[in-house]
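Below, each chain spelled out in residue letters.
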Amino acid sequence: MTPAQRRWVFGLAVAGLAAFYLWGLSGLPGFGDYPGPYGFAVLHLAVQQTNATGIVSAINFEYRGFDTVGEEFILFAAAAGTAVVLRRLRGERERSPVDQAADHEGPPTSGAVRMLALLFTGPVIVMGWWLATHAQTNPSGGFQGGVILATAFVLVYLAGEFLVFKRFSPVALTDAVEAAGAGGFAAVGVAAVPMGVAFLTNYLPLGQTPGAVSSSGTIALISFFVGLEVGAAFILIIGELLEQTLLIRQGDR
Amino acid sequence: MEYFPFVVVAWILAVGLYGVVTSRHLVHQIICLIVVQSSTYVLLLGVGYVTGAVAPYYFDVPNHTPAVDPVVQALALTDVVVEAAVTALLLSFAIQAHKRFGTLDPQELASLKG
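Protein sequences appear in the order of chains A and B. Using the numbering used here, you'd call the opening residue of the first sequence number 595 and step up by one each time. Using the numbering used here, you'd call the opening residue of the second sequence number -1 and step up by one each time.
Treat the hints with care, since some could be wrong.
[Claimed, not checked] Partner residues aside, some chain B positions facing chain A, computed with beta carbon under 8 Å:
(1) Pro3
(2) Val48
(3) His62
(4) Ala86
(5) Pro104
[To be verified] Derived coverage of chain B by chain A (criterion: at least 3 residues anywhere in the stretch with Cβ under 8 Å from a Cβ of chain A; other residues may be distant):
(6) 12 to 21
(7) 26 to 35
(8) 38 to 46
(9) 70 to 79
(10) 92 to 99
No lab work stands behind these hints: they were computed from the structure. Backbone N, C-alpha and C define an ideal beta-carbon position, used for all residues, glycine too.
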């Protein structure tokens, strides 16, 4: 198909899409006029039922916890898929990340970049950890915290070298943490079954103060496991991608 | 202006789709796909918005204050995570495609077999 033909087909498809979109829009309530009963029911009940003040976390890890198990395993599968797709293929060999051409060294990392990256690493870890452990309180949670924790390792890579990044995040350890995070979530859910209640029922004590770190039972625990899983998954994905550019070379080149 | 956010959604979606269709580079195409998906965030958050309501967090506002719909916000969070995962996987496919065919132009990739 030539580009011109393709644009023609695209134009037709967009015209159809626009027609259906406008049709659908005419049935929507106006912006700011949301009537949805489900969300409002959750808003009214969540604090009494779960002692969590972060209602979005309460939905993610309690009311729709079953969905979130699936979501977490999507991420798990994607990290595994990236590792499989980027494996060393036939005819490729891994090179040591030490520069092979000593007389053609790339420019060294500038002092400013090293300094800033090192300066940010500590606060970023604290922030990621705080976010992963405060899902029950405010707009935070395992997903956000995990991604920010993974960022700290990218800062290590920026400040140092790939070798340092690998030393801080050995694949075996990252794999184990990822598995512990994903398995921990499932285990917290399954543990409800022998107690005679449904999968992912909140069976832990809910605490006294709504929104306190000790409140909300399984919500806080699941969020923590999700943080581990997400952080480890992103470190694995980033490591795989970096390895492609830095270590793996085609056959004889 | 009652429907303006939904018009923005349609615009982001259309721009992203146009990029996907006319792209001459796989990485560019993947980024356009991210743009397409971004329209769903705006749609989800726009659908759940309630005029004059607070964010669905009762940490420093009294319980039962009118808040925007939290369910669509949870869905948007799911959306972001899935997008990040899909992007990583697509980028690794792009790396392997480049290794195998020596090009990232979808036009040329389509004419190569094997």
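Against the structure, the hints:
1. Pro3: holds (5 Å)
2. Val48: Holds, about 5 Å.
3. His62: This hint holds: B:His62 lies near chain A, its Cβ roughly 7 Å from the closest one there, short of 8 Å.
4. Ala86: holds (5 Å)
5. Pro104: Violated, because the Cβ-Cβ distance from B:Pro104 to chain A comes to roughly 10 Å (cut-off 8 Å).
6. 12 to 21: Coverage by chain A holds here, the residue count being 5 at a Cβ distance below 8 Å.
7. 26 to 35: violated (count 0)
8. 38 to 46: Satisfied; 3 residues make the cut.
9. 70 to 79: holds (count 7)
10. 92 to 99: As far as the region 92 to 99 of chain B goes, the hint holds, because 3 residues have Cβ atoms under 8 Å from chain A.
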